[in-house]
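Each protein sequence line maps, in turn, to chains R and V. First residue of the first sequence? That's 1 in my numbering, and the numbers climb one at a time after it. First residue of the second sequence? That's 1001 in my numbering, and the numbers climb one at a time after it.
By construction, these hints were calculated from the structure, which means they are not laboratory data. Values in this document were obtained by computation on a predicted structure and should not be read as measured data. Incorrect hints may appear among the rest.
Stated by the list, open to error - Cut-off 20 Å, straight-line C-alpha distance, at most; resulting in silico cross-link-like pairs (DMTMM-like, lysine to aspartate or glutamate):
#	chain 1	residue 1	chain 2	residue 2
1	R	K45	V	D1209
2	V	K1263	V	D1177
3	R	K5	R	D23
4	V	K1170	R	D23
5	V	K1326	R	D18
6	V	K1161	R	E15
7	V	K1161	R	E73
8	R	K51	V	E1098
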Amino acid sequence: MEDMKEVILEYVIEEYCDEENDDVTFETPLISGGIVDSFSMVSLKRFLENKYKISIPDADASPEAFDTVNKIEVLVKRFL
Amino acid sequence: MAYSNKIKELYQNQLKGIQDAGLFKQERFIHSSQDAEIEVEFPTGSAPKKVINVCANNYLGLSSHPEVIKAAHEGLDTRGYGMSSVRFICGTQDIHRELENKVSEFLGTEDTILFPSCMDANAGVFEAILTSEDIMISDRLVHASIIDGMRLCAAQHDTFKHSDMAHLEKKLQLHADKRLKVVINDGVYSMDGDTAKLDEMAALCEKYDALLFVDESHSSGFIGKTGRGTHEKCGVMGKIDIITTTFGKALGGASGGCVSGRKEIVEMCRQKARPYLFSNTIAPVVVSGVLRVLDILSQSTERRDKLEVNTEFWRKGLSEAGFVLKDGDTPIVPVMLFNAKLAQDFSKDLFDLGIYAIGFFFPVVPQGAARIRTQISAGHEMHHLEKALDAFIKVGKKYDILGKTKQEIIEMYGN
Ligand SMILES: Cc1ncc(COP(=O)(O)O)c(C=O)c1O
């Protein structure tokens, strides 16, 4: 199975980054760092749910839980 | 006393933080009416200086037009100064409804509702027409007032990359299961001066059964052959479900805004939009002024035609002089300097030469994208523009940026 972190990182770069901020790593703060605004989180959540066939309750989809690729992986694994 | 030293210090520290970050905004006092030439007190305390204004939203030069002033006087005389009431109690005059009808006619829509400002229109409209079963899909560069309006609304939101139609289409597919989908964008983007692809958006909205919203604040009155806006320019009049716009820019520049579009949507705003229900609407004197503005613009396209000629001259002049501009054909012409300090110094030097234009930098524009945003007006005469262009070239030479590319300017000054 492909590495989950790589998959998430690739989606984040493709979806949210332009040429000026494409040096994102597993630890880059995405939401508090202004790369993903809270309005755009919904597509990341939907991507994860579709890709991993899970359902993340809204209460768990907090900006903190989505703040880095590492944290997102932890979140997804909780619902696998 | 509740305002303890502790609280006072808390705010003092926050203000100092803003100051230390170089983000403290200072107002400059203008001692004249808004026009091509204004008298500005800068720095504060100095004698007012006459300068050519190239940073107002006074696109049609109507802010101090004698006919508009006369109409406002007449409105003051016949309808009084204030209403002391919100619309639905005893704050609606015949001229409020007359203006709503005139705006619908001008924009080619079914109906219109006035708001105290376009900020209020954007703050109120989404909550009035959407629920948690719906989704708002907005361009990532929409105006702050739209962002606030979306925040106040229970519907979900998502975004698409600026003007990226393929990305928008993906989002429409992703959210196909929602009750209502609304695609949200500005007609003309105020920081970059580029125009939304409304024709492509209208087609996508038709294909995916979505509503289309556009904020026409920087378009109404002058974009399109007869100045009706971006929808006229893109050939999609009648296909926009919700237009918001302001009377505080090209359309006289005083204040006020509206939601215009589908009849039922406008009626929902009248029943439910909170800034409409709980705040006084536009004062009679301003309503009278805007009515005259719409008459002037419906009778002749002279002013928007002159603006087009002025804009062409200005873009061509700056570009031939070797400045880096943002592409586009609107009267919003950003002169790119990339570095925040350079933008501030450039603006200061222009002022010394009698030209008033402001530097914009982070967080108003992205980091490393500092600029002087110039805005052209039908109120400018050729001699104003020639003088302004001369000043830009002089200052450009001083900083040795003429003919330089983005990379070269960043190498010289940083970003
Ligand atoms: C795109 C856009 N929408 C709305 C507004 C707010 O307009 P008003 O001054 O009528 O509140 C502005 C003004 O800055 C704007 O640029």
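Hints the structure fails to honour: The structure breaks hints 1, 2, 4, 7 and 8; every other hint is satisfied.
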